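Student: Chain residues, written in single-letter form:
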Amino acid sequence: MLEFTMLIPFLTGITAIFLPVRLGRGILVLTALLHLLLTVLGWLGKISPALPQYFTVSNEGMLILLVTSFIFLFISIYAVSYMSETEISSEPIYTACTLFFLSTMTMVTLADHLIVLWIAIEATTLMSAPLIFLHRSKTALEATWKYVMICSVGIALALLGCFFVVMSMNLGGIHVPITFSSLGAVADKLDPVWLKAGFIFLVIGYGTKMGLAPMHTWLPDAHSEAPSPASALLSGALLNCAFFGVYRSHQLLYRAGLGDFSGNILIGFGLLSMLIAAIFIFYQTGYKRMLAYSSIENMGIIAFGVGIGGLATYGAMLHLIHHSLIKSSLFLSAGNVLLGYGSKLVDKTGNMAKLFPKTFTAFFAGFAGISGFPPFGIFISELLIIIGAIQQGRGISVSIFILALILIFAGASRLVTKMCFAPCDNPEILVKENWARTLPSFALLAASITLCIWLPDSIYQTILAAIATIGGGVNG
Amino acid sequence: MIQPSNALFSINHISDVLLSLTVLSVLLSLGSNRLMSLVKIMAFQGIVVSLTPLFLEHHEGLLENTNSIFLLLIMLIIKGLVIPILMYAAVKKIKIQREVEPIIGYHASLFAGLFFILIGAFIADRLHISLPMQNELLLISAITTLAAGLFLLMSRRKAITQVIGYLMMENGIYLIGTALAKETHTMYVVEFGVLLDLLVGIMIMGIVLHNINSSYNDVDTALLGQLKDN
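Protein sequence lines correspond, in order, to chains P and W. Per the working numbering, the very first residue in the first sequence carries number 1; after that it's consecutive. Per the working numbering, the very first residue in the second sequence carries number 1001; after that it's consecutive.
Chain P on its own, in the form it takes in the complex (with noise of 0.2 Å):
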């Protein structure tokens, strides 16, 4: 019965509406123990799910889970400090909506079904909006507005991408449930030309919810509007679950025969994903939406990786790990800067070094993560996808590639640099930070090194099983 992992969040969300604050805050914290546990029970085997017609146990899906469960429960941890701090109307919905939207993101990693992996990327849109809109102001307003109207244009042409990879079934004469492991098995039987169409449709919609540009104009917005954890949450869980729908349906097309058409179209989102993030994040003023941009490159880096295929599949898979690692640490501190200045910009904030020295090293260290600088992981990740893409001969794209990091690396130091070493005009700290919001954020970067040194045999086989479906492995 894998399928617990839905449903005890589910039900813990549900009981969570009706019980105090406290005690909430505590059935959040154990809830997420109870989902990591139940997860590793998965992974070593000892539970299956009880629905083989729609839910399944793939690699890439355990893979997801696994990296979700164990961020939740520190942003879970997080939270417990967080919310005693801010002064949020309705704590108990957000305690509900948080268990809710693991719920549902749960259901994504396990889903076979095709219309049930839509069902649950649908379900995730409408359990984090509530988040998004926690603090009920006029911009968190028009944040959630623009999250559910652009996921959800996002989503009905992902189901037209569903009619369309169904339509390729008829046209083959093929009757099998419409599940991606019975699909992959006749792939090479499937009307070729309604799949791609299929695939681009699934890749537009499960890319927007991704954050693949030209589709990514809600996520910066919803990333700065959340409260923190949310935003860790989105951020660091939320986006790998929608990678998870364009995975599946690029290995369909890859089963198919179809590898490289897929993989040229995600090379090309990847890519723009990473332009489009370098230029914006030049401008940006507030700390929240420079790490949103920043996620949005990072998705463009895996989509990128997964295009290229052979090593860098493997980069991309775990820079999947690194990126969730790094960027919840990084919200979780910004969320500290967040209540120390009590606002979201750059301008109003400086010598953190000072102020929190606490949060500072998180931060910097979670900034120099994401950069790409070693211990992290990240500096692994990349340099393969940068190696697997050189063997692969595409000198033009992994060119751009390496600019659009220099790009970032370049716009996002500075805005750190001036947060954490500039003079503060306004010294006056608003809330102290202290271990309970600063040890989640060490947690998650020392599980990026400690990843990085020293890597479970089983997540390696795991890693190497999942990306021999697109034709990836670490031989090149």
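Hints are computed from structural coordinates only; laboratory data are not their basis. The structure presented is a predicted model; accordingly, all values stated were derived computationally and were not measured. It cannot be assumed that every hint is accurate.
Derived coverage of chain P by chain W (criterion: at least 3 residues anywhere in the stretch with Cβ under 8 Å from a Cβ of chain W; other residues may be distant) [said to hold, decoys possible]:
hint, region
1, 117-126
2, 144-150
3, 160-168
C-beta: ideal position from N, C-alpha, C; glycine also.
We have chain P; now place chain W onto it with these hints.
Tutor: Relative to the frame of chain P, chain W by itself:
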């Protein structure tokens, strides 16, 4: 392209009439600036669109299947009754009568609508080879509805008009689904489009609960338009 038929009121004729009405309602909605009439047009379009599968040649077995009839009825009630009533309530609540200063004017919108019909015809013509049935009018009107909905969504400022655009786009997707559906198991995939109506319902509820008037860049209300990259 359209199959000639001997009987005057053959099943194909009725579906053609319904599809023409759909395209007509699309053009009407592109040219209309009163929100109340837009809501009425959408109710009409919802009914027409949800009735279309009944009169399609390649869905003839539909009437014998109780499940399909049931699903069709649900679609009819949601698209033709529930959503329009919700929208009606929303328009009453936010007390705005008309769309002021659309991003793209009404004449230009109408022209764009005609252009979408052309595109639809072009695409339907190109796909001719691999389609299971002959009813190209269905595909043309479906693509027109989809494109016009997307256009309406992007070219209007009021939140409620954007929702109407989304609804129209969704109708287009439903039509495309029915155009492509042949086997019974495809029909059930198409019916999941009803979940998009759920999204529409939630958006309208958002409008009603939070009095959202318009989205970005509107100076008059200035409710939505604070978040920018600068």
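Student: All hints, please: hold or fail.
Tutor: Verification of the supplied hints:
1. Evaluation of the coverage hint for the region 117-126 of chain P: fulfilled, as 5 residues show C-beta separations to chain W shorter than 8 Å, against a requirement of three.
2. Here's how the region 144-150 of chain P fares: 5 of its residues keep a CB closer than 8 Å to some CB of chain W, so the rule of at least three is met and the hint holds.
3. Counting residues of the region 160-168 of chain P whose C-beta sits closer than 8 Å to any C-beta of chain W gives 6, which meets the bar of three, so the coverage hint holds.
The structure shown violates none of the earlier numbered hints.
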